[in-house]
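The hints should help you fit chain B onto chain A, whose structure is shown.
Protein chains: 2
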Amino acid sequence: MNQSQLENIIREKQSFLCVGLDSRVDLLPASVGNRVEDLLEFNKKIIEATSDLAAAYKINTAFYEQYGTEGWGILKETLELIPDDCFTIADAKRGDIGNTSSMYARAFFENMSFDSITVSPYMGSDSIKPFLEYGKTVIILALTSNAGTVDFQHLESSGKPLYQHVLETATGWADTDQLMFVVGATRADHLQKIRSIIPDHFLLVPGVGKQGGSLTEVSKYGMNERCGLLVNSSRGIIFASPGEDFATAARNEALKLQKEMAQHLI
Amino acid sequence: MNQSQLENIIREKQSFLCVGLDSRVDLLPASVGNRVEDLLEFNKKIIEATSDLAAAYKINTAFYEQYGTEGWGILKETLELIPDDCFTIADAKRGDIGNTSSMYARAFFENMSFDSITVSPYMGSDSIKPFLEYGKTVIILALTSNAGTVDFQHLESSGKPLYQHVLETATGWADTDQLMFVVGATRADHLQKIRSIIPDHFLLVPGVGKQGGSLTEVSKYGMNERCGLLVNSSRGIIFASPGEDFATAARNEALKLQKEMAQHLI
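Read top to bottom, the protein sequences are chains A and B. Sequential numbering from 16 applies to the first sequence in the working numbering. Sequential numbering from 16 applies to the second sequence in the working numbering.
Bound conformation, chain A alone (with noise of 0.2 Å):
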């Protein structure tokens, strides 16, 4: 799906929402099982409960990573559990030497069939640039919600903090259609900033639900003609409860926030 069969979608369904697969064992249901293979069958239940309120999935790749193979062919089995109508994000953070992450974008764009992949700007453009190849989406980490974007995300340089070049240098790298960004910002301030620099891409937010962001606040600071918002939201929807009602319960807080991002996308 590329950028523009997003943006339909999200008319659509109403809904700016993409649910987060961070899907972990020691937290499965009992119902379901707490065995890793059991992982696939919550996913499938998850996606069953939430296809029709979800603009899109993310999934990240530590989450199956750290079961080895077995994980890895687990993504892979969820991948293919997401309907069409959902746009679909290896949230792999990768990034290394061009030739290099030219397999790590086969093994996203290939191997498996993503739509797009989160991936880290440090090495360059030429780490991106393999990436872009494929004519699918690529979602650059800007500013991210954690603790340590302090560190180095908003280092000063010229009078601008890193993030800010991240942003400026790599609208350079490809169309507005072909690049999204990873903006961890939850205050008005920072919203407006980035919205400054760049009007009109799309913005991956994380940090709406359990992590406590405002969905008022970034829809209101961030969302542009196109919408160019996609909120995540991981365990608040996923593991809703732990119970045997766990896909009921994801569900109705899928269409909590459905129902906030329609009022929002008037």
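The hints are simulated quantities; they were obtained by calculation from the structure and are not laboratory data.
Since copy identity is lost for identical chains, a pair holds within one copy or between any two.
As a list, the in silico SDA-like pairs of lysine to any residue whose alpha-carbon atoms are at most 20 Å apart:
1) Lys175 <-> Val165
2) Lys144 <-> Gln193
3) Lys144 <-> Ser160
4) Lys91 <-> Glu56
5) Lys91 <-> Asn126
6) Lys151 <-> Pro98
None of the values given here were measured: they were computed from a predicted structure.
Leaving out everything else, chain B in the frame of chain A:
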């Protein structure tokens, strides 16, 4: 293996050579085969032919990840083929928010048993700390050797390039013995500057061999009392010959580098 054991190995073998197992199906000798599964036999032969000359092996995960679960299986089996008297590096360049980095750490330090992993510093302290909890070595990207370094790593903040901020900040996160830095510098002035900031840390230096750095310069300006260097060569060794003699040719190339290194170690 910890860093003091690595120092002993370097003295014993008179070598600070790191062999990069950047194995590729399309470059396998015909005598080995041309299927993904043949990578394992190739790696086995390369390791057998070079392990007495190598202080370390570096496995770049991208080369295996591109083949999905089969590739991950080969990655793990390759690691198990490396003898105990070699330091092992997962060249994975991972990094995510804290709880997610914990899972990457589990992937490479528990599911597999690497001695070290390369990580990207962009997301700051909490993206690195979970890797440090294993007491193993964490190798942080500082100054890489690719063209894209100019985009962000050389941006100046408070009169210092970003990579220098990474060096200075990251050294506060753990003891010297638990950190290393990727330093792609083969230029004397950069190496001298880096050594003035981190005199005692080990540096992992890519880009000697087919990528073209000078071992003499690196040794002259990068070596410290512990040696403090792991110099990587990948293609120059493992693909030294496309013929049946690939393992002998690999050994010969490794031997050349080891002999040169022995001179520098005096």
